[in-house]
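For the sequence shown, my numbering assigns the number 1 to the initial residue and increments by one for each residue that follows.
These are calculated hints, taken from the structure and not from any lab test.
Where hints are given, some of them may not hold.
Cβ pair distances, simulated, as ranges [unchecked claim]:
no., residue 1, residue 2, range
1, A214, V6, 26 to 36 Å
2, E195, E236, 13 to 23 Å
3, V6, D222, 51 to 61 Å
4, D87, D222, 27 to 37 Å
5, E264, D18, 23 to 33 Å
6, E228, G283, 31 to 41 Å
7, G257, E231, 15 to 25 Å
8, A214, P177, 18 to 28 Å
9, G12, T224, 24 to 34 Å
10, E69, D183, 33 to 43 Å
11, E236, D18, 51 to 61 Å
12, G274, A19, 44 to 54 Å
13, G184, S97, 22 to 32 Å
Remember, predicted model here, so these are calculated numbers, not experimental data.
Yeah, the Cβ is synthetic: ideal placement off N, Cα and C, and Gly gets one too.
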Amino acid sequence: MSLPDVVETVAGLQARLDAVRATGASVGFVPTMGYLHEGHASLIDAAVAADDFTVVSIFVNPLQFAPDEDLAEYPRDVEADLARCGDHGADLVFHPSVSEVYPVGAEEPVVVGAVGGPLEGASRPSHFAGVATVVARLFRIMGCCRAYFGEKDFQQMAVVRRMAVELELPVEVVGCPIVREADGLALSSRNVYLEPGERRQAPVLYRALLAGAAAVGNGEADPTVVVEVMEDVMSEAPDLVVDYSALVEPDTFVMPGRITTGAEVRLLVAGRLGRARLVDNVGAVAP
């Protein structure tokens with residue numbers, strides 16, 4: 001295993017990318033906040049498979065944390081991150097400072113559209129604006145590339161995809177499947193916060209989603225009934241504080257009045273177990 005090169009400045013990154021593109025090579029980009037797990041590794045794998053040169057950014061973005069959230073406690077392990085990047089074939093790691101990403105006079109925060117309003121947007125009002133702002137900044141720094149995002153944060157991916165289109169950024173946003181533990185828990189850097197008893201309860205979110213998807217697959221056309229099915233399952237976890245459970249159209253994040261034949265819908269849940277806030281989702285298609 002060889003460690004990838006690391007650059008800490010925008011100028012250094014862009015010089016490397018200019019040289020790469022001069023050869024006609026394509027660029028893949030995996031933006032992360034570090035503390036990488038196998039979900040991140042799957043994104044690196046996807047980029048390495050599709051593109052000639054893969055960049056991973058490691059940057060804990062302060063703008064997407066509310067004052068009462070875990071910015072100071074967010075897990076960090078850059079040495080392990082670099083090893084994982086090397087193991088999975090990343091060519092370059094961009095590890096900038098806050099002042100490098102947000103220099104004095106940088107553009108104003110990106111305004112998030114309607115797709116970012118409900119669910120995560122309602123629960124964490126400043127979150128998507130922070131995500132969209134840093135990703136727009138990173139996309140402008142990177143230039144033409146494919147950017148790889150995990151579907152665990154499905155609404156976030158939709159916000160980023162729409163932002164890239166509206167700002168006319170030369171970036172193709174590629175969604176990649178959720179990576180799960182054997183019991184179904186979606187991988188997340190924040191899973192490290194789970195105490196043993198909480199960890200045993202955590203897969204209830206995925207079980208709830210599967211139950212909801214089964215209801216859709218069995219022909220249930222009333223979205224509120226599907227949501228009730230999910231909430232019944234989540235009630236089995238005594239320590240889970242449910243934030244939301246929803247069935248929405250994947251393009252608008254609005255709940256349909258009825259689920260029509262052949263319609264694709266997205267089921268999403270979020271909740272808190274102790275210090276860990278967990279989110280998950282699955283897709284479903286009505287018969």
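Hints and how they fare:
| no. | hint | result |
| --- | --- | --- |
| 1 | A214 / V6: 26 to 36 Å | violated, 46 Å |
| 2 | E195 / E236: 13 to 23 Å | holds, 18 Å |
| 3 | V6 / D222: 51 to 61 Å | holds, 53 Å |
| 4 | D87 / D222: 27 to 37 Å | violated, 47 Å |
| 5 | E264 / D18: 23 to 33 Å | violated, 41 Å |
| 6 | E228 / G283: 31 to 41 Å | violated, 19 Å |
| 7 | G257 / E231: 15 to 25 Å | holds, 20 Å |
| 8 | A214 / P177: 18 to 28 Å | holds, 19 Å |
| 9 | G12 / T224: 24 to 34 Å | violated, 53 Å |
| 10 | E69 / D183: 33 to 43 Å | violated, 27 Å |
| 11 | E236 / D18: 51 to 61 Å | holds, 55 Å |
| 12 | G274 / A19: 44 to 54 Å | holds, 47 Å |
| 13 | G184 / S97: 22 to 32 Å | violated, 38 Å |
Hint compliance for this structure: hints 1, 4, 5, 6, 9, 10 and 13 are broken, all remaining hints hold.
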